[in-house]
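Throw the hints in and build the complete structure from the sequences for me.
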Amino acid sequence: TLRHSYIASLLQIPHLVICINKMDLVGYDQNIFESIRETYLKVSNNLDIKDIQFIPISALLGDNVVNPSEKTPWYQGPTLLQLLENIDITADRNISDPRFPVQYVIRPLSDEFHDYRGYAGRVAGGQFHTKDEVMVLPGRQLSRIASIDLFEKSINEAINSQSVTIRLEDDIDISRGDMIVSPDRLPEVSQEIDMMVCWFNEKPLNPAGKYAIRHTSREARCLIREICYKMDINSLTRNDQDRTIGMNDIGKIRIKTTKPLFYDTYNRNRLTGSLILIDEATHETVAAGMIL
1 TLRHSYIASL LQIPHLVICI NKMDLVGYDQ NIFESIRETY LKVSNNLDIK
51 DIQFIPISAL LGDNVVNPSE KTPWYQGPTL LQLLENIDIT ADRNISDPRF
101 PVQYVIRPLS DEFHDYRGYA GRVAGGQFHT KDEVMVLPGR QLSRIASIDL
151 FEKSINEAIN SQSVTIRLED DIDISRGDMI VSPDRLPEVS QEIDMMVCWF
201 NEKPLNPAGK YAIRHTSREA RCLIREICYK MDINSLTRND QDRTIGMNDI
251 GKIRIKTTKP LFYDTYNRNR LTGSLILIDE ATHETVAAGM IL
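Using the numbering used here, you'd call the opening residue of the sequence shown number 1 and step up by one each time.
Hints in this document: simulated from the structure, not taken from any laboratory. Treat the hints with care, as some may be off.
Claimed, not checked - Mimicking DSSO-like on lysine-lysine, the simulated pairs with C-alpha atoms at most 27 Å apart in a straight line are:
| hint | residue 1 | residue 2 |
| --- | --- | --- |
| 1 | Lys131 | Lys153 |
| 2 | Lys22 | Lys71 |
| 3 | Lys203 | Lys252 |
| 4 | Lys203 | Lys259 |
| 5 | Lys256 | Lys203 |
| 6 | Lys210 | Lys131 |
| 7 | Lys22 | Lys42 |
| 8 | Lys50 | Lys252 |
| 9 | Lys210 | Lys256 |
Here's what the structure looks like:
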């Protein structure tokens with residue numbers, strides 16, 4: 001439970017539901033429910049979780065799963081289904097920082113679209129509108145959006161998480177891995193990255209190893225500059241002595257990439273603030289990283 005809670009905190013999951021199960025085995029005792037709740041809250045004080053809700057349930061008998069249970073008259077909160085259906089997640093999305101990692105350059109080889117040049121991808125933050133001024137990274141060229149295409153029609157606006165094709169008014173050399181952004185809301189651009197990693201490979205992190213990263217649609221090789229610390233999951237404290245990061249360990253590292261990355265911190269944008277680490281020798285994905 002502590003490991004899962006820490007990972008939820010690390011992933012910046014804003015809403016956490018703690019279902020205290022098997023209440024039927026303890027006679028739906030409110031004191032036991034409150035004791036478990038208080039114990040968890042003491043531990044979670046060290047976690048960055050904004051909203052925690054507790055529900056007493058019996059998964060076997062269905063108490064407080066779909067319908068309110070008559071056996072827990074002391075609980076006046078929503079059932080699990082009611083909570084999941086009504087929780088507000090609109091405020092959890094980044095709508096202020098326009099980000100568009102280019103996944104593919106579309107150049108149809110046909111007479112009908114002989115001058116068509118579009119940039120396909122998924123909006124990773126904010127919103128884009130036709131005629132918006134944009135900047136293309138890494139070259140920092142300025143242009144305006146000529147059109148936004150969705151399937152076979154043009155739209156005036158592309159919103160967060162929407163997959164579209166953007167055309168620009170100017171002919172700019174753009175390729176996969178570049179990013180279209182707002183010149184007024186620029187991301188961080190750097191080759192030195194601090195991040196928390198969740199390691200899920202049997203082979204531990206090798207400070208001298210050869211690794212590659214994939215960040216949005218951009219790929220690069222990287223060096224491990226420093227293993228800063230490892231988290232002690234049992235106490236939720238930093239372990240500065242043992243810096244060996246192995247299977248299921250979580251720690252902070254610093255890397256240097258062969259290309260600059262265009263990123264936001266993970267707590268600001270999950271898509272541009274996350275990456276994966278790949279072992280170049282085995283091509284296995286060895287870790288997930290959250291940029292700090």
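Going down the list of hints, with the structure as the test:
1. Restraint check for Lys131 and Lys153: the C-alpha separation of about 17 Å stays at or below 27 Å, so the hint holds.
2. Between Lys22 and Lys71 the alpha-carbon distance is near 13 Å, which keeps this suggested pair within the 27 Å criterion.
3. Between Lys203 and Lys252 the CA atoms are separated by roughly 17 Å; this keeps the pair inside 27 Å, and the hint holds.
4. About 26 Å separates the Cα atoms of Lys203 and Lys259, which keeps this hinted pair within 27 Å; it holds.
5. Between Lys256 and Lys203 the alpha-carbon distance is near 21 Å, which keeps this suggested pair within the 27 Å criterion.
6. For the hint pairing Lys210 with Lys131, the CA-to-CA distance comes to about 43 Å; that exceeds 27 Å, so the pair is violated.
7. Our distance criterion of 27 Å between C-alpha atoms is met by Lys22 and Lys42, whose separation comes to about 22 Å.
8. Simply put, Lys50 and Lys252 have alpha-carbon atoms about 22 Å apart, close enough for the 27 Å limit, and the pair holds.
9. A C-alpha spacing of about 12 Å is found between Lys210 and Lys256, which places the hinted pair at or below 27 Å, so the restraint holds.
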